[in-house]
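Engineer: In case you want the letters, here they are:
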Amino acid sequence: MDATERMMLSFTLNGRPVEVDVEPSDLLLDVLRNRLGLKGTKRSCDVEVCGACTVLMNGLPVSSCTTLAADADGQTVLTIEGVAQGGELDRVQRAFVEHAGMQCGFCTPGMVLATTALLNVNPKPDNAEIRHFLRGNICRCTGYIKILEAVKSLV
Amino acid sequence: MSEASHRAQPPRRDFFEKVTGSAEFISDVVVPGMLQGRILRSTIPHGRIRNVDVSAALALPGVEAVLTGEDIAGLNNHWGLFLNDRPVIAIDRVRYVGEPVAVVVAVDERTAEDALDLIDVDYETLPFVTDAVEAMAEDAPVLHEKSETLKDFYFKGEAKPVPGTNIFQKYEYAHGDVERAFADAGRVFEDTFSFPMIFHYAMEPHCVVASFADGGLTLWSCGQAPTAIQKVLSRVFDLPLAKIRIITPYVGGGFGGKASVKIDPLVAAAAWKVGRPVRICLSISESMLTCRRLSASITVRTGVRADGTILGKAVRVVMNGGAYADTGPAVAIKAANRAIGPYHVPNLKLEAYAVYTNTVPGAAFRSIGGPQAVWASESQMDIIAGALGIDPVELRYRNMLKPGETVRPDLRPIDVDMAEALGQASQAMSRLDAAGPDAGLMKGVAVGASDPGIMAVAAVLVRLKIDGSVLVISNSVEIGQGIREVLRTFAAELLNQPAEAVYVMTPDTALAPFDWGTGASRSSVMMGMAIEDAAIDIRRQLADMAAAAFGVAAETVSLCPGGIVAGDRQWPFAELLHAHYGIDSGEVIGIGRISPHSRDGRLMQAPLFWETAAGMCGVELDEETGEVRVRRYVSVADVGRVLNRASAEGQDEGAAIQGLGHALSEELVYEDGQPVNASMIDYHVPTIDEVPEDFLTVLIESGTGPGPGGARGMGEGAILPVAPAIANALASRHGIRIRDLPLTPERVWRALQEKKAKP
Ligand code: FES
Ligand code: FES
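One line per chain: the protein sequences are A and B, in this order. To convert, note that position 142 of the first sequence is 142 in my numbering; the numbers rise steadily by one, no gaps. To convert, note that position 205 of the second sequence is 205 in my numbering; the numbers rise steadily by one, no gaps.
It should be emphasised that the hints constitute simulated quantities derived from the structure, not laboratory data. Bear in mind that the values here come from a model prediction, so they are computed numbers and not experimental data. A couple of the hints might just be wrong.
[Stated by the list, open to error] FRET-style restraints, in silico, Cβ to Cβ: (1) 122/A x 541/B: 57 to 63 angstroms; (2) 436/B x 70/A: 48 to 54 angstroms; (3) 60/A x 440/B: 38 to 44 angstroms; (4) 59/A x 434/B: 39 to 45 angstroms.
[As the list claims (entries may be wrong)] Within a straight-line C-alpha distance of at most 25 angstroms, the following computed DMTMM-like cross-link-like pairs (lysine to aspartate or glutamate) qualify: (5) 160/B x 138/B; (6) 443/B x 391/B; (7) 124/A x 693/B; (8) 443/B x 623/B; (9) 124/A x 689/B; (10) 755/B x 740/B; (11) 146/B x 172/B; (12) 160/B x 177/B; (13) 170/B x 152/B; (14) 443/B x 624/B; (15) 152/A x 438/B; (16) 152/A x 693/B; (17) 152/A x 690/B; (18) 146/B x 124/B; (19) 124/A x 690/B; (20) 124/A x 88/A; (21) 152/A x 689/B; (22) 152/A x 433/B; (23) 443/B x 627/B; (24) 152/A x 17/B.
Each residue gets a CB set at the ideal place from its N, CA and C atoms; glycine is no exception.
Kindly produce the complete structure, drawing on both the sequences and the hints.
Structural biologist: Printed below as a string of structure tokens:
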């Protein structure tokens, strides 16, 4: 493919319209981090296993490490930077802070967004549902105990 | 989940940045003008490099330079922590699959990545060896023809390599007469256990940005030991320490995989070659080719009387250290020590080897050598208990050291009550059993005692500003453990100021005083002591100022929130400093310095404190598939003093669940010289659905640690008991004794079949 062939995307990012020109093979993760300067979305496994790169597309979690930026065209994307409103943490963020559901914090943006998506689709998940839904988000630091406490506090 | 009442503690300050995505991690750092580097890695386990052709790569638009071994002939191009064995980049020879052979520096990562495909490396293959025991054989290929040891370079002491072999560390210790004890003993048990290579999987891969400017070198690094990096770079590039600056932003986990020195010299060399700032951020698969836990084969011989009393113990450890020694020599020593257990062993013999092989270099990993050692020794405790018909918990009590008794006469007496910890574990498990519906779980227990390898060298600057705000400046790296919050808490407490007034700076060697490094559960204790001294220093300065300015007796002056008090009079800092400096500005700088001579020399004896843990599990086994599930787990640790309960529990829980991964699934596998599962698709770490439904952390606050208020280090102990506790549970119910980790379904299933075949 001609490396200079580029395409213009427009989508809603954290509530605001954005336009960005990308190569067709650009990953959403790279475009968010390197082109749009939103570094809260993290790269870890590269292979859709860890969830560190989770963003919400139309309210559903996707791994931005394996999603083409082109697929965001015309969609609504939420990254961790768009969760707090007016400098106020939202309730999921508050729960993670209050229950110490993080240590190094590298998994946290993805965890918060995955939890947000879970509560969107299922406002009252039971323990098994929480454990099942968050299976795609790895945390190597906390051992998940405090993350589970944080999520349960929201139910 | 915790039973202890939650104290009203404000959340860690870093959480607010982390939960909003605004925390700047090392992989987020942007340095103006920086280029991106990607690494071409060896595809063969052992060989000579005949030629590296980089011409096509250099011709690719956007490529600025390619670094190879030829470029570094003029540098001091080898480095190490115990042995000067590691080239900055492969020179003439590669020793493992994944070893850096070339670095492409380009305008962006994708261009650099594309250029890697254009580099042509011509190798002449050499015989290779990936197994440590095979590497000790006489006819094994030798990886390093010469060995140059570096004494007291990073850890105190020196490696003892065996010249002409792959053995880069040989360690021996004995007290009493173990053979005689075995002759006297009713029974002598001999068992060999194996423990695999394990990947740290800190979620943020290794990342470094290097920049040469003004005759010096600045690095933004993920390293846990900034001053060790500084020292190594100073030697490689022949630069004064004062011209090397290491800045360490938030790091996305380490667990030892970012300790000592890792990719820093390589990234610096790339920047040196191209003359512009260079960033290299590895992929996770590359981090898997950068370091891993040392695998081990451990043979334990234990002589006991019929009543279970241990008369003697002999431990032989063989560790696979990979292609370069790193801190493997220390790991081997610790593995030997940590195999002793918190038991009275009157006759003891330890023997440990760390061996070069053509595999990813071994490295520190949470409780170095500990999980390997405790896997062996605590599994064997249950073998002994079973053979003698003694309850496993009872056998441990019978041999348990009391506080003040010694593991080894040359080590500090044990400073925790292990019997209490074990008792608390049993009680906590009973409570879970009483609350839980399923009483049919298999139970297993294990304990661990480790001697943190702590160098008593640390210092801190504490700057009290005229407005009462306080800045704590140290080289302690925030890697997730909450050290910044610990320092904030100590400074607030010791200066009697509100925690909100205290700020902790990002580590920067240009500003912060020398510190040995972050790891081995040391920082809260060492830095805590340093802050104690800094606070004394500040108080003394303020008292002298107050004596001169206000005519009060210096010894009556103490700090109160926002100012000082003397008798019934009180002044805000602003008034005191204004009076002292003559202008309404200024600060007081306190320095706290810890050395082995501090605290009347009490820090000289190793270990500074003992880190111990007791673990008890309730396990379920699917006999059809061999799948093991841990339903209940209790983790008990004496942490001396809990500074922040949520943080302390979190450290303990995180360690235990890492231990669960060690126990059930984690293993870096080699076949034919190649790592076959070095990606997160094939390497499984615990996910949230595998966490025991009932998990209880019990933190004992004995107040007996050396840190402020009796604090001791923590965060490493809880990983120790998990694997043997689970294996012991399986043995107790099914009579299967598995001696190799991980306890995969296949391995467990096979053991069940064998057991059925010959019961
Ligand atoms: S980085 Fe995308 S799932 Fe791991
Ligand atoms: S907090 Fe470090 S990976 Fe989750």
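Engineer: For each hint, tell me whether it holds in the structure or not.
Structural biologist: Status of each hint after checking the structure:
Between residue 122/A and residue 541/B the beta carbon distance is about 59 angstroms. The supplied range of 57 to 63 angstroms therefore holds. Taking the beta carbon of each, residue 436/B and residue 70/A are about 50 angstroms apart, inside 48 to 54 angstroms as hinted. Hint check: residue 60/A to residue 440/B, Cβ distance near 40 angstroms, so the stated range 38 to 44 angstroms holds. Between residue 59/A and residue 434/B the C-beta distance comes to about 43 angstroms, which sits within the given range of 39 to 45 angstroms.
The hinted pair formed by residue 160/B and residue 138/B meets the criterion: a straight-line CA distance of about 18 angstroms does not exceed 25 angstroms. Straight-line distance between C-alpha atoms of residue 443/B and residue 391/B comes to about 12 angstroms, which keeps the hinted pair within the 25 angstroms bound. The hinted pair formed by residue 124/A and residue 693/B meets the criterion: a straight-line CA distance of about 19 angstroms does not exceed 25 angstroms. Restraint check for residue 443/B and residue 623/B: the C-alpha separation of about 16 angstroms stays at or below 25 angstroms, so the hint holds.
Distance restraint check for residue 124/A and residue 689/B: the Cα-Cα separation of roughly 18 angstroms lies within the 25 angstroms cut-off, and the hinted pair is therefore satisfied. Proximity of residue 755/B to residue 740/B is assessed by CA-CA distance (about 16 angstroms); at most 25 angstroms being required, the pair is judged to hold. About 22 angstroms separates the Cα atoms of residue 146/B and residue 172/B, which keeps this hinted pair within 25 angstroms; it holds. A C-alpha spacing of about 24 angstroms is found between residue 160/B and residue 177/B, which places the hinted pair at or below 25 angstroms, so the restraint holds.
With a C-alpha separation of about 17 angstroms, the suggested pair residue 170/B and residue 152/B falls inside the 25 angstroms cut-off, and the hint holds. About 20 angstroms separates the Cα atoms of residue 443/B and residue 624/B, which keeps this hinted pair within 25 angstroms; it holds. Using a Cα cut-off of 25 angstroms, the hinted pair residue 152/A and residue 438/B holds, with the two alpha carbons roughly 22 angstroms apart. A threshold of 25 angstroms between alpha carbons decides the hint, and for residue 152/A with residue 693/B the separation of about 13 angstroms falls inside it, so the pair holds.
Distance restraint check for residue 152/A and residue 690/B: the Cα-Cα separation of roughly 17 angstroms lies within the 25 angstroms cut-off, and the hinted pair is therefore satisfied. Taking the CA atoms of residue 146/B and residue 124/B, the gap is near 21 angstroms; set against the 25 angstroms cutoff, the hint holds. Restraint check for residue 124/A and residue 690/B: the C-alpha separation of about 21 angstroms stays at or below 25 angstroms, so the hint holds. Between residue 124/A and residue 88/A the alpha-carbon distance is near 24 angstroms, which keeps this suggested pair within the 25 angstroms criterion.
At roughly 14 angstroms between alpha-carbon atoms, residue 152/A and residue 689/B fall within 25 angstroms of each other, so this suggested pair holds. Using a Cα cut-off of 25 angstroms, the hinted pair residue 152/A and residue 433/B holds, with the two alpha carbons roughly 22 angstroms apart. Taking the CA atoms of residue 443/B and residue 627/B, the gap is near 16 angstroms; set against the 25 angstroms cutoff, the hint holds. Of the pairs offered as hints, the one joining residue 152/A and residue 17/B holds, with about 22 angstroms between alpha carbons and a cut-off of 25 angstroms not exceeded.
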